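Same order as they appear, the protein sequences are chains C and A.
1 is the number of the first residue of the first sequence in the numbering used here; add one for each residue after it.
309 is the number of the first residue of the second sequence in the numbering used here; add one for each residue after it.
FYI, nobody ran anything at the bench for these hints, they're computed from the structure.
All figures in this text were calculated on a predicted structure; none of them were measured in a lab.
Be a bit skeptical, because a hint or two may be false.
[Stated by the list, open to error] As a list, the in silico SDA-like pairs of lysine to any residue whose alpha-carbon atoms are at most 25 Å apart:
id, chain 1, residue 1, chain 2, residue 2
1, C, K2, C, E148
2, C, K142, A, P508
3, C, K213, C, I275
4, C, K26, C, V123
5, C, K235, A, R474
6, C, K197, C, R263
7, C, K2, C, P154
8, C, K121, A, K315
9, C, K197, A, D492
10, C, K121, A, L447
11, C, K41, C, S120
12, C, K181, A, S463
13, C, K2, C, K142
14, C, K41, C, H270
15, C, K121, A, D484
16, A, K476, C, V195
17, A, K315, A, E499
18, C, K213, A, P509
19, A, K315, C, S120
20, C, K235, A, I506
21, A, K328, A, S461
22, C, K142, C, Y124
23, C, K181, A, R412
24, C, K213, A, K315
25, C, K213, A, I506
26, C, K259, C, E290
27, A, K522, A, I506
28, A, K348, A, R417
29, C, K203, A, P509
30, A, K450, A, R412
31, C, K181, C, Q90
32, A, K476, C, Q90
33, C, K203, A, P430
34, C, K41, C, E297
35, C, K181, A, E499
36, A, K476, C, D125
37, C, K235, A, I483
38, C, K121, A, L504
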Amino acid sequence: MKSGSNLERILTAGYFAATGELGPPKSAGAEVIRRKARLLKGYVDGVNITDNQTAVVRMSSIAAGAILLHEGLEPIIQMTCRDRNRIAIQSDLLGAYALGLRNLLCLSGDHQTFGNHPGSKNVYDIDSMQLLQIVRAMRDEKKFQCGEAMDVEPRFFLGAAANPFADPFDYRPLRLAKKAKAGADFVQTQLIYNVPKFAEYMKRVRDLGVHEKVHILAGVGPVKSPAMARYMQTKVAGMDVPDSVVQRMERVPKEERKKEGIRICAEIIHQVREIPGVAGVHIMSVEWEEAIPEILELAGLLPRPVVE
Amino acid sequence: MIIAERKPLAEIQSLLAGRKWVLLLGCGTCVTVCMAGGEKEVGILAAELRIARQVAGEPIETAEETVQRQCEWEYLDAVADKITSADTVLSLACAIGVQAIAQRFPTVRVVPALNTTFLGLPTEHGVWQERCQACGNCLLGKTGGVCPVARCSKSLMNGPCGGSQRGKCEVNPEIDCGWQLIYDRLSTLGEQDYMLEIEPPRDWRTSRDGGPRKIVREDLRA
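Isolated chain A (complex conformation) (with noise of 0.2 Å):
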């Protein structure tokens, strides 16, 4: 899923100066099961501006709001009546669904409270880790099922560096070393000749250095 967390409120309150009133719009997929950006979290943050704002004289009432998913028309325009008359929508989505708002609603103003972080998952109760860069040119079928795009810190095709110690990253201690983890799961699947292999360079052009991506499927088109 996508991972998020939210901006600090004093980040927030500067994207809100001067407003009056603001819907705070939360999304009820990936960023209410990272609980960054739930109906849960809308209302808390919606009653942390009201006191700061309330303290600093400068009063701001809130609407709040939960969709099923912003990344969708259909569930931004059940609520558009909501979203046009707000002074500014304070998306509680990830960026995907602060940008959708933006493109359906091309007049309303829209300001994210949370910071996208990455495509992982929770690996315990509190704790979320990546796990894919949406490189567009799957490799976990070669690897073991661990990426060495996302996993290694310097995104290494061949291997692990010379920083690789007792399976952590020289980067941080707190990082496992993607290569020894592929190195692990290929020995235990009998599949390690294929560290033997040389990964040629590859073309990043399935990744974001070939511009914005776009999927056409004619299947599926109208």
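Same shape as in the complex, but just chain C (with noise of 0.2 Å):
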């Protein structure tokens, strides 16, 4: 075991694997994270906790695991190379391990212009590649970035995003082989909602033999509504959002929609499983935490195994 978490037991025990994920509050206060924590209690394997993302100031990913930690779940913390050179990058990861963090998703990060403050300085001092290889440094070499070495090293399982729609699309495959020599042990991609496109990726990343080196999630997550859709589809860069699911969205009534957003998830869910290499699941549902107990409960994918 490399960190002992409860997702590398589960993932390492040959589990299908299920996380979710927590957006902290654009505020101080800790209620709302205990709040969405009891919603996830049982039900995931693992909650990530967005760094700032979309370059919106939040409430740090690691404060706010900590919170979750003390209310009994298994943090998924992030850590994007936006914010942060490698000296603090460190600092904050060394600071994250002794508060109990075990699992560290590396990420470059979304642009600032996106944000709350476009004015900002971005940092990039070092990008989520050469990230995961320090982090993993430090773990099973006990030494900093700079050679240095350290007597309680942070013993991290280390996540990476990949995006199978992203181009160049022949690309990406061979993306996710460098992530996971870099010293990825999970990645967790991009929604689907082109399974026919997301097969062709993982047959490729297969060829490359990568689903044996790294356990993949698949990144899934309900839309609310067809206007949903179609802004994802149309506005969200590195998306790919086909028709027939704007459609379907748009066919059910109103009051229907929500539903129909959690079925069409279920039904992602389920082909998904059925793609060899496939480790498990990644639900994002930012701002919507309660949809997923109901999606796993539709994906057949509760209760949660319990490995010790």
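Bring the two chains, given one by one in their own frames, into a single complex with the hints.
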């Protein structure tokens, strides 16, 4: 075991994993995190806690993670390369580990011009690939990036993101291989609505043997409305939402749309589960955490396994 | 070359508030080619300023001069009399020219008429694009002649992020994805295996992060 985290134990034991996601509040209030934690407790193997997603200032991922841990959930903290240089990143990760956090997702981060401080300066001292390498070396070699040794090393189960729908499509499986080589133990993909395209991506991933090196969690999430589906289709870079999904949402009566979104999500989980090499799902339902238990129930993924 | 663009007239006027006469000093190199601060732009700006101040009832006198390069002492020294006698020098050079005047003529008030924007080139008539961030450790030999530091919005070193779609950057559809350009070039050259290698963290000391930079060439010093 690298970290001994619940997520690592479940994936290593060969169970089909299910992770969720929680966005920290735009405030210093801890209660909203506790409330969301209660919605997810017992339903997922780990909960991603975003690091100022879309570059909007929120409570820090590590702080919210510590609160979540206290509530008896397993956090997967996120760390982007946008806001911190290698000094701050390593320092914060030492602290995160000392607080009891065991899973870490390494990301480049959304560009700050998308967020609520578009005039801010970015950092990008390192990128997500280098971040994986650095944190793996901290864990496995007990060394900082500079080469200096440490006595108590942070032992994180290391995650990365992958977007099968971004361009160049031919390069994406190779990029995933590179992330595995850099130290990723698991990956969570971008939201999948185009299952055939994801299946083609996975075929190429299997041809490279990457699925044997890294646990691949397929990213899924419910759409609430046809407008949301259309927005993701046309406005969100790196998203692939087929017309069929938008049309299906349009066909149902307004009051049925949330249910339909949940049904579509559960169906996609059934479909991606059939694709060889998929080790689990990551359900992204930020600001609609209530949907997650229902999706998992419909997808036949409850109760969650317990691995000691 | 160094690309610059002129500041708004109102900002230039505020830099010259209360001044009675000003020397507009153009530069004959980069900013002439990018049509921001050459002889022609000096003439236009001088006329605009005189008219604006006339209208405001606070007339200003202008003198005009353009030197080959404001970033070299010898060209500045050739017009030293005009510079030192001016109430204010309004430099239409890049920021290097402005600072050269400030250093060479410690008692002279010099203000910029331009914003120095980037190192780049004209890609079509009237369009200029950034190409270099002067990081001090050129990677172009590995990346197919396309710079990831300058042309990836996140200066990523290991391939495109998840926001690259149809060749464009997530930041803005006007921006080409730098890593798509690198991928295409390396594929054309048969060098795409570079995209499989992990580029380690960079030593940014060669860039601005090491403090203001300086080159000393002993072989060239007197």
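Taking the hints in turn, this is what the structure says about them:
{"no.": "1", "hint": "K2(C) <-> E148(C)", "result": "holds, 21 Å"}
{"no.": "2", "hint": "K142(C) <-> P508(A)", "result": "holds, 18 Å"}
{"no.": "3", "hint": "K213(C) <-> I275(C)", "result": "holds, 16 Å"}
{"no.": "4", "hint": "K26(C) <-> V123(C)", "result": "holds, 22 Å"}
{"no.": "5", "hint": "K235(C) <-> R474(A)", "result": "holds, 13 Å"}
{"no.": "6", "hint": "K197(C) <-> R263(C)", "result": "holds, 20 Å"}
{"no.": "7", "hint": "K2(C) <-> P154(C)", "result": "holds, 10 Å"}
{"no.": "8", "hint": "K121(C) <-> K315(A)", "result": "holds, 22 Å"}
{"no.": "9", "hint": "K197(C) <-> D492(A)", "result": "holds, 22 Å"}
{"no.": "10", "hint": "K121(C) <-> L447(A)", "result": "holds, 23 Å"}
{"no.": "11", "hint": "K41(C) <-> S120(C)", "result": "violated, 36 Å"}
{"no.": "12", "hint": "K181(C) <-> S463(A)", "result": "holds, 21 Å"}
{"no.": "13", "hint": "K2(C) <-> K142(C)", "result": "holds, 13 Å"}
{"no.": "14", "hint": "K41(C) <-> H270(C)", "result": "holds, 22 Å"}
{"no.": "15", "hint": "K121(C) <-> D484(A)", "result": "holds, 21 Å"}
{"no.": "16", "hint": "K476(A) <-> V195(C)", "result": "holds, 23 Å"}
{"no.": "17", "hint": "K315(A) <-> E499(A)", "result": "violated, 43 Å"}
{"no.": "18", "hint": "K213(C) <-> P509(A)", "result": "holds, 23 Å"}
{"no.": "19", "hint": "K315(A) <-> S120(C)", "result": "holds, 22 Å"}
{"no.": "20", "hint": "K235(C) <-> I506(A)", "result": "violated, 31 Å"}
{"no.": "21", "hint": "K328(A) <-> S461(A)", "result": "violated, 44 Å"}
{"no.": "22", "hint": "K142(C) <-> Y124(C)", "result": "holds, 24 Å"}
{"no.": "23", "hint": "K181(C) <-> R412(A)", "result": "violated, 54 Å"}
{"no.": "24", "hint": "K213(C) <-> K315(A)", "result": "violated, 55 Å"}
{"no.": "25", "hint": "K213(C) <-> I506(A)", "result": "holds, 17 Å"}
{"no.": "26", "hint": "K259(C) <-> E290(C)", "result": "holds, 12 Å"}
{"no.": "27", "hint": "K522(A) <-> I506(A)", "result": "violated, 30 Å"}
{"no.": "28", "hint": "K348(A) <-> R417(A)", "result": "holds, 23 Å"}
{"no.": "29", "hint": "K203(C) <-> P509(A)", "result": "violated, 31 Å"}
{"no.": "30", "hint": "K450(A) <-> R412(A)", "result": "violated, 41 Å"}
{"no.": "31", "hint": "K181(C) <-> Q90(C)", "result": "holds, 20 Å"}
{"no.": "32", "hint": "K476(A) <-> Q90(C)", "result": "violated, 32 Å"}
{"no.": "33", "hint": "K203(C) <-> P430(A)", "result": "violated, 43 Å"}
{"no.": "34", "hint": "K41(C) <-> E297(C)", "result": "holds, 14 Å"}
{"no.": "35", "hint": "K181(C) <-> E499(A)", "result": "holds, 20 Å"}
{"no.": "36", "hint": "K476(A) <-> D125(C)", "result": "holds, 23 Å"}
{"no.": "37", "hint": "K235(C) <-> I483(A)", "result": "holds, 16 Å"}
{"no.": "38", "hint": "K121(C) <-> L504(A)", "result": "violated, 29 Å"}
When each numbered hint is compared with the structure, violations occur for hints 11, 17, 20, 21, 23, 24, 27, 29, 30, 32, 33, 38.
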